[in-house]
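K.L.:
Here are the chains, one letter per residue:
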Amino acid sequence: NAGVTQTPKFQVLKTGQSMTLQCAQDMNHNSMYWYRQDPGMGLRLIYYSASEGTTDKGEVPNGYNVSRLNKREFSLRLESAAPSQTSVYFCASSEYWAQYFGPGTRLLVL
Amino acid sequence: GESVGLHLPTLSVQEGDNSIINCAYSNSASDYFIWYKQESGKGPQFIIDIRSNMDKRQGQRVTVLLNKTVKHLSLQIAATQPGDSAVYFCAERRIQGAQKLVFGQGTRLTINP
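Protein chains in written order, with this note's numbering: chain A, 1 to 110; chain B, 1 to 113.
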């Protein structure tokens with residue numbers, strides 16, 4: 001099993017550009033999550049999906065949208081990127097309580 | 001406000017010694033706690049978890065202790081190895097039945113040869 005996979009690994013955007021971060025898991029988990037990690041801030045929840053067909057806002061949802069495409073895939077979209085969205089983005093999945101993380105996407109917005 | 005916090009941002013230990021990483025929490029209703037290890041450039045990796053109805057749980061070379069009286073969580077790593085160098089995060093589930101976790105900011109563990 002690959003676990004949780006994320007694409008791309010790195011991305012550089014200009015302010016105002018849009019992009020979608022992809023996440024997939026092969027553990028048949030019901031719940032999936034998107035976090036951002038900034039220096040000194042720890043992991044902050046952007047959006048989560050408790051099950052296929054549902055999504056909910058987390059702590060820092062502004063400037064982001066998500067789509068739970070199916071049970072395996074959960075994407076994060078930046079419609080108009082801003083420098084404040086420069087961060088490392090992690091996707092995670094869970095069946096019960098323990099969350100399992102992907103390798104991350106490093107995003108730089110210029 | 002309430003937060004999951006750590007007593008020390010960095011911890012340096014000698015190879016072969018035991019490491020103890022601490023975490024304080026403020027929400028007495030939290031019922032589940034988890035420790036993650038994050039190596040440089042990688043995603044957080046699950047280490048061990050514990051429910052609030054337990055005081056101690058052991059894994060391979062790791063032990064988590066939970067003291068609900070003082071709202072304190074610790075991760076003990078036995079015979080620390082160079083591969084244990086990483087940032088360690090604790091996280092808590094604050095609402096029973098909820099799936100969201102709240103993460104602390106992390107402690108960097110460095111191993112001296």
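By construction, these hints were calculated from the structure, which means they are not laboratory data.
As the structure is a prediction and not an experimental result, all values here were calculated from the model.
C-beta atoms are modelled at their ideal positions from N, C-alpha and C, and glycine is treated no differently.
Please note that the accuracy of each hint is not assured.
Label-pair ranges, simulated between beta-carbon atoms [stated by the list, open to error]: (1) VAL12/A with MET54/B: 38 to 48 Å; (2) ASP55/B with GLY63/A: 24 to 34 Å; (3) ALA29/B with ARG44/A: 15 to 25 Å; (4) ARG106/A with PRO9/B: 39 to 49 Å; (5) SER40/B with ARG44/A: 15 to 25 Å; (6) TYR96/A with ASP55/B: 19 to 29 Å; (7) LYS57/A with ALA29/B: 43 to 53 Å; (8) THR69/B with VAL12/A: 41 to 51 Å.
Within a straight-line C-alpha distance of at most 30 Å, the following computed DSS-like cross-link-like pairs (lysine-lysine) qualify [as the list claims (entries may be wrong)]: (9) LYS71/A with LYS100/B; (10) LYS100/B with LYS9/A; (11) LYS68/B with LYS56/B; (12) LYS57/A with LYS14/A; (13) LYS9/A with LYS71/A; (14) LYS71/B with LYS100/B; (15) LYS56/B with LYS57/A; (16) LYS42/B with LYS56/B; (17) LYS68/B with LYS100/B; (18) LYS9/A with LYS57/A; (19) LYS68/B with LYS9/A; (20) LYS56/B with LYS71/B; (21) LYS71/A with LYS71/B; (22) LYS100/B with LYS42/B; (23) LYS100/B with LYS56/B; (24) LYS57/A with LYS71/A; (25) LYS42/B with LYS71/A; (26) LYS9/A with LYS42/B; (27) LYS42/B with LYS14/A.
To list a few chain B residues with every Cβ distance to chain A over 10 Å, as calculated [claimed, not checked]: (28) LYS42; (29) GLN60; (30) SER74; (31) GLN105.
K.L.:
Going straight from one Cα to the other, do LYS56/B and LYS71/B come out at no more than 30 Å?
P.N.:
At roughly 14 Å apart (the allowed maximum being 30 Å), LYS71/B and LYS56/B satisfy the hint.
K.L.:
Could you grab the alpha-carbon distance between LYS9/A and LYS57/A and see if it respects the 30 Å cut-off?
P.N.:
Holds, at about 24 Å.
K.L.:
Okay, TYR96/A versus ASP55/B on CB: inside 19 to 29 Å?
P.N.:
holds (21 Å)
K.L.:
CA of LYS9/A to CA of LYS42/B, is that 30 Å or under?
P.N.:
Given that 30 Å is the threshold and the Cα spacing comes to 11 Å, the pair holds.
K.L.:
Is LYS57/A close enough to LYS14/A, meaning Cα to Cα at most 30 Å?
P.N.:
holds (25 Å)
K.L.:
Please confirm whether GLN105/B is truly not at the interface, meaning its C-beta sits more than 10 Å away from all C-beta atoms of chain A.
P.N.:
violated (4 Å)
K.L.:
Tell me if the beta carbons of LYS57/A and ALA29/B are separated by a distance inside 43 to 53 Å.
P.N.:
The hint (43 to 53 Å, Cβ to Cβ) is violated, given that LYS57/A and ALA29/B are roughly 22 Å apart.
K.L.:
What's the verdict on LYS68/B and LYS100/B, does the C-alpha distance respect the 30 Å limit or exceed it?
P.N.:
Roughly 20 Å between the alpha carbons, so the hint for LYS68/B and LYS100/B holds.
K.L.:
Are the Cα positions of LYS71/B and LYS100/B separated by 30 Å at most?
P.N.:
Given pair LYS71/B, LYS100/B holds - Cα atoms ~19 Å apart, limit 30 Å.
K.L.:
Does SER74/B really sit off the interface, with its C-beta more than 10 Å from all C-beta atoms of chain A?
P.N.:
holds (18 Å)
K.L.:
Under the criterion that the straight-line Cα-Cα distance not exceed 30 Å, is the pair LYS68/B, LYS9/A satisfied?
P.N.:
violated (40 Å)
K.L.:
Regarding the pair LYS56/B and LYS57/A, is the alpha-carbon distance no greater than 30 Å?
P.N.:
Violated, at roughly 33 Å.
Violated hints, listed in ascending order, are 2, 4, 7, 15, 19, 21, 28 and 31; each of the other numbered hints is respected by the structure.
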